[in-house]
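Student: Let's have the full structure, built from the sequences with the hints guiding it.
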Amino acid sequence: MDYSEAAERISRKFSFSGQAVDVKKIEGKLRRLVDEFGVQPQEAERSVTNELNKEFNIPAAGSGGGGRAGSTNEQKKIAEGLPGDWVTIEGKVVALSAPASPSIAQSGIIADESGAIRFVAWAKSNAPAMAEGSWYRIESAVVDEFKGVPNLKIHSGTTIKEIGEDRSLIPTPMPIKDLHTGIGAVRGKVIQEWDASHERMLQSGLLGDETGTIKFVIWKEPGREKLVVGSVYTIFYAQIDEFNGRLSLNLNTATIMQEEGDIPVSGGESEVWGSIVHIAPGSGIIKRCPVEGCNRALSRQNYCPIHEIQPKFVYDLRIKGWLDDGEKTHNILIQRDVVESLTGITLDEAKQIAENNPLGMDEVFLQMRDKVLGRYIICHGREIDGRLLVNECERVKFDASEHAALLNRAGGAS
Amino acid sequence: MSTNPRDMPRREGAFEREPARRVFASELRECRYQFKEGEDEKSPTFVLLPTGERSNRIFIVGTLTEKSRQGEQNIFYRGRVVDPTGTFFVMAGSYQPEAMQQLARIEPPQFVAVIGKPNLYQKPDGAFMNSVRIESITVVDKDTRDLWVLDAAKQTLDRVDSFNAGTAPDVIKAKEQYPTIDPAVFRRAAYDALAQIKM
Chain R
10 MDYSEAAERI SRKFSFSGQA VDVKKIEGKL RRLVDEFGVQ PQEAERSVTN ELNKEFNIPA
70 AGSGGGGRAG STNEQKKIAE GLPGDWVTIE GKVVALSAPA SPSIAQSGII ADESGAIRFV
130 AWAKSNAPAM AEGSWYRIES AVVDEFKGVP NLKIHSGTTI KEIGEDRSLI PTPMPIKDLH
190 TGIGAVRGKV IQEWDASHER MLQSGLLGDE TGTIKFVIWK EPGREKLVVG SVYTIFYAQI
250 DEFNGRLSLN LNTATIMQEE GDIPVSGGES EVWGSIVHIA PGSGIIKRCP VEGCNRALSR
310 QNYCPIHEIQ PKFVYDLRIK GWLDDGEKTH NILIQRDVVE SLTGITLDEA KQIAENNPLG
370 MDEVFLQMRD KVLGRYIICH GREIDGRLLV NECERVKFDA SEHAALLNRA GGAS
Chain Y
12 MSTNPRDMPR REGAFEREPA RRVFASELRE CRYQFKEGED EKSPTFVLLP TGERSNRIFI
72 VGTLTEKSRQ GEQNIFYRGR VVDPTGTFFV MAGSYQPEAM QQLARIEPPQ FVAVIGKPNL
132 YQKPDGAFMN SVRIESITVV DKDTRDLWVL DAAKQTLDRV DSFNAGTAPD VIKAKEQYPT
192 IDPAVFRRAA YDALAQIKM
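Chains R and Y, in that order, are what the protein sequence lines are. If you read the first sequence in the numbering used here, its first letter stands for residue 10, the second for the next number, and so on. If you read the second sequence in the numbering used here, its first letter stands for residue 12, the second for the next number, and so on.
These aren't lab readings, by the way, just hints derived from the structure by calculation. Note that this is a predicted model, so its numbers are computed, not measured. Treat the hints with care, as some may be off.
[As the list claims (entries may be wrong)] Straight-line Cα separation of at most 30 Å, DSSO-like style, residue types lysine-lysine; simulated pairs:
1. R:406 x R:337
2. R:33 x R:133
3. Y:128 x R:329
4. Y:184 x Y:53
5. Y:47 x R:337
6. Y:184 x R:337
7. R:337 x Y:53
8. R:156 x R:133
9. R:406 x Y:165
10. R:329 x Y:153
11. R:224 x R:162
12. R:337 x Y:186
13. R:170 x R:22
[Claimed, not checked] Partial chain Y-side listing against chain R, Cβ under 8 Å, derived:
14. 31
15. 149
16. 151
[Stated by the list, open to error] Beta-carbon label-pair distances, calculated as ranges:
17. Y:108 x R:357: 28 to 34 Å
18. Y:108 x R:234: 58 to 64 Å
19. R:183 x Y:188: 41 to 47 Å
20. Y:108 x R:220: 44 to 50 Å
21. R:184 x Y:178: 29 to 35 Å
22. R:410 x Y:178: 28 to 34 Å
23. Y:115 x R:273: 51 to 57 Å
24. Y:116 x R:240: 55 to 61 Å
25. R:366 x Y:172: 48 to 54 Å
26. R:177 x Y:47: 54 to 60 Å
27. R:290 x Y:178: 37 to 43 Å
28. R:416 x Y:52: 41 to 47 Å
29. Y:184 x R:410: 34 to 40 Å
Yeah, the Cβ is synthetic: ideal placement off N, Cα and C, and Gly gets one too.
Tutor: As C-alpha cells, then:
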C-alpha cells in the first residue's frame, strides 16, 4: 500500500500553520499503524494527525481544521473567532487565573470591544508572560472549545506583542436570559445564597435580573470576597459554563462592582398551560427521610439511599407528571399544598387512605390519577433542570369569548 | 469527520417526550401514511395528519359509547369514543395492562379523556383503519370535553393555516401523500364541532 499521499496531506496541513514535519517519518508511522496493527487507513491518518497536533500543542481543531487554514493570521474581533479558527487578535488582558496544570504557563481572559474569550498559554509555547490590564497583539493563536466554551490557545507558533497604549474598554451587561457559554457581563441582584457544596467553594447562590436568574459560584482564592445577599452588582468578564444543561457563572475571573439601589428581579417564574397526559410512578403519597437536611423520598421498604432504613419517616404528597400543550410536553413536579388543592385530598386524608386500604399507598396514587389525568390546568412555578416545580396551579375554565373567537375564525374563511 | 462538540446533540439524555396532538376524529380517519423516524427498533412511529403534522401521540376527549372484551388467550378491550365530528376506535391489550384495567372499569356512556398512540392498519380488502392504542383513559366531566373541543378546534385551525402557508417539510409531505384532500374540510369540521357546544 502507498502511504505517501496521506503523508503528503498531513504534512501540508501542518506546513500551513508554520510547522515543519518530516514526510518520511509520517509515512513510516502510517505504515506501522496499518500494516502492523491492522488500523483502517483513514483512522491511521487521523491518529497521526492528532499525535502531531499534540506534539505542536495545537488543539485538535473541529470540522474546519484544514479547510479553513486560509484564514491564518487574519486579524479578527474576539467575538468572531470560531472554534477551529487560526486568529490574530488585539485585546486587553482583563483577568489572570491560577493555571490548572503545570503544563499551562498562564491562563485568563482577554477582551476587545466585541467580546471576551478565555485564553491558555502552554508552558511549552515559551510565550512571554502577559500582565493584567495591558493590551497585546496575539498573532496565530487557535480558537478551540473546552467544555463547550470557546478558548484561545497560545502555542509555540504564536507571537505576542505588547501594545503600549491603553484603549478604553467598557463591556455592556447582557440580560440574564440572553447569556450563553463563554465570557459575559451582567448586572444583577444576589437573591439567594446556598450552602457551599464543596470545601473549596467560597460562595454559591442565585443572581437575578428582570429577565431571569442564573447560578453563580466563587471559589476560594486570595482576594476573593463573598457577595452580599440583596445587593446589586455589575459584573464584567464572568465565565459562563454549562453543567447538566444549566448555565452557571464563575466569578473568580470577574471584575465585580457593587452598586447602590435595587433592581426588579424575575423570580424565574414561568406559566405553562396544557392537559395532564401522564402521572408518573412516585406520585401520590410518599415517605421522606426524617434526617435533618435530607428529605429524600424513601423506597417502599423505608430505605433512604444515604441514611438506610428509616422507620420514623415523614409523609408527603407530590405529583410528578407531564403537562402537554399539543406542541411541547413539560415535565412537572407538583408540591404538597398544590396537590391538596388540585385533587381535593389532604395529606391527612391521604394517610387515612394509605393506612386503611388494602392497596395502601397505591390507592392514593390511583385516586389522584383519576382526579387529574386528562384535565386542563395552568401551572406556575420555576423551571429547574427541564422540570417545572409547580407552586401554584389552577384548572382552566371555559372561556365563552374564546369560543366565539374560534367560531369566527373557523367560519370566517370558508 | 467532525469532532466539533457543536455538531453533537446538546446534551445526552435530554429527553423530549412526543407531544400529544389534538385531532378530531374526522381528520384522524383520513390518515393513510405512517412512517418511522430513524432506523432504530425503538424509533418513534408517526402517523402523518392530512393537515401536515406528524403525530406519535394524541389527546382526545369524547364520549365512550361502547366497549367490548375480546380474545381468549390474549384479552384485550376495544372501545368507541365519539367526538362532535366522528368516532375514534380505541383499544388496550395486555401490553398496556394499566390502560386495560382503566378501560375495563369504565361503564359507557361516559366522557373520557384518552391519551394514546395512533395506529394505521390496512385490512385484507385494502381498506385503511385507524385506531388508537390507549396509554391512559380516565372519566372526565363535560367541562373538560368542551375545553378539549376548543383546544382541538384551535390546533386544527392552526394546522390548516400553516398548511396553506405550505412551507413546513411535513406539509409538503402531506401534499404528496394526500393529493385529493382539501384541508378546508377540517376547517369546516372545526366549525361544526364548535357550533355543537351550547352556550
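Student: Against each hint, give a clear statement of whether it holds in the structure.
Tutor: Consistency of the hints with the structure:
{"no.": "1", "hint": "R:406 x R:337", "verdict": "holds (21 Å)"}
{"no.": "2", "hint": "R:33 x R:133", "verdict": "holds (25 Å)"}
{"no.": "3", "hint": "Y:128 x R:329", "verdict": "holds (21 Å)"}
{"no.": "4", "hint": "Y:184 x Y:53", "verdict": "holds (23 Å)"}
{"no.": "5", "hint": "Y:47 x R:337", "verdict": "holds (20 Å)"}
{"no.": "6", "hint": "Y:184 x R:337", "verdict": "holds (22 Å)"}
{"no.": "7", "hint": "R:337 x Y:53", "verdict": "holds (20 Å)"}
{"no.": "8", "hint": "R:156 x R:133", "verdict": "holds (22 Å)"}
{"no.": "9", "hint": "R:406 x Y:165", "verdict": "holds (16 Å)"}
{"no.": "10", "hint": "R:329 x Y:153", "verdict": "holds (25 Å)"}
{"no.": "11", "hint": "R:224 x R:162", "verdict": "holds (27 Å)"}
{"no.": "12", "hint": "R:337 x Y:186", "verdict": "holds (24 Å)"}
{"no.": "13", "hint": "R:170 x R:22", "verdict": "holds (26 Å)"}
{"no.": "14", "hint": "31", "verdict": "holds (5 Å)"}
{"no.": "15", "hint": "149", "verdict": "holds (4 Å)"}
{"no.": "16", "hint": "151", "verdict": "holds (5 Å)"}
{"no.": "17", "hint": "Y:108 x R:357: 28 to 34 Å", "verdict": "holds (32 Å)"}
{"no.": "18", "hint": "Y:108 x R:234: 58 to 64 Å", "verdict": "holds (60 Å)"}
{"no.": "19", "hint": "R:183 x Y:188: 41 to 47 Å", "verdict": "holds (45 Å)"}
{"no.": "20", "hint": "Y:108 x R:220: 44 to 50 Å", "verdict": "holds (46 Å)"}
{"no.": "21", "hint": "R:184 x Y:178: 29 to 35 Å", "verdict": "holds (31 Å)"}
{"no.": "22", "hint": "R:410 x Y:178: 28 to 34 Å", "verdict": "holds (31 Å)"}
{"no.": "23", "hint": "Y:115 x R:273: 51 to 57 Å", "verdict": "holds (54 Å)"}
{"no.": "24", "hint": "Y:116 x R:240: 55 to 61 Å", "verdict": "holds (58 Å)"}
{"no.": "25", "hint": "R:366 x Y:172: 48 to 54 Å", "verdict": "holds (50 Å)"}
{"no.": "26", "hint": "R:177 x Y:47: 54 to 60 Å", "verdict": "holds (59 Å)"}
{"no.": "27", "hint": "R:290 x Y:178: 37 to 43 Å", "verdict": "holds (41 Å)"}
{"no.": "28", "hint": "R:416 x Y:52: 41 to 47 Å", "verdict": "holds (45 Å)"}
{"no.": "29", "hint": "Y:184 x R:410: 34 to 40 Å", "verdict": "holds (36 Å)"}
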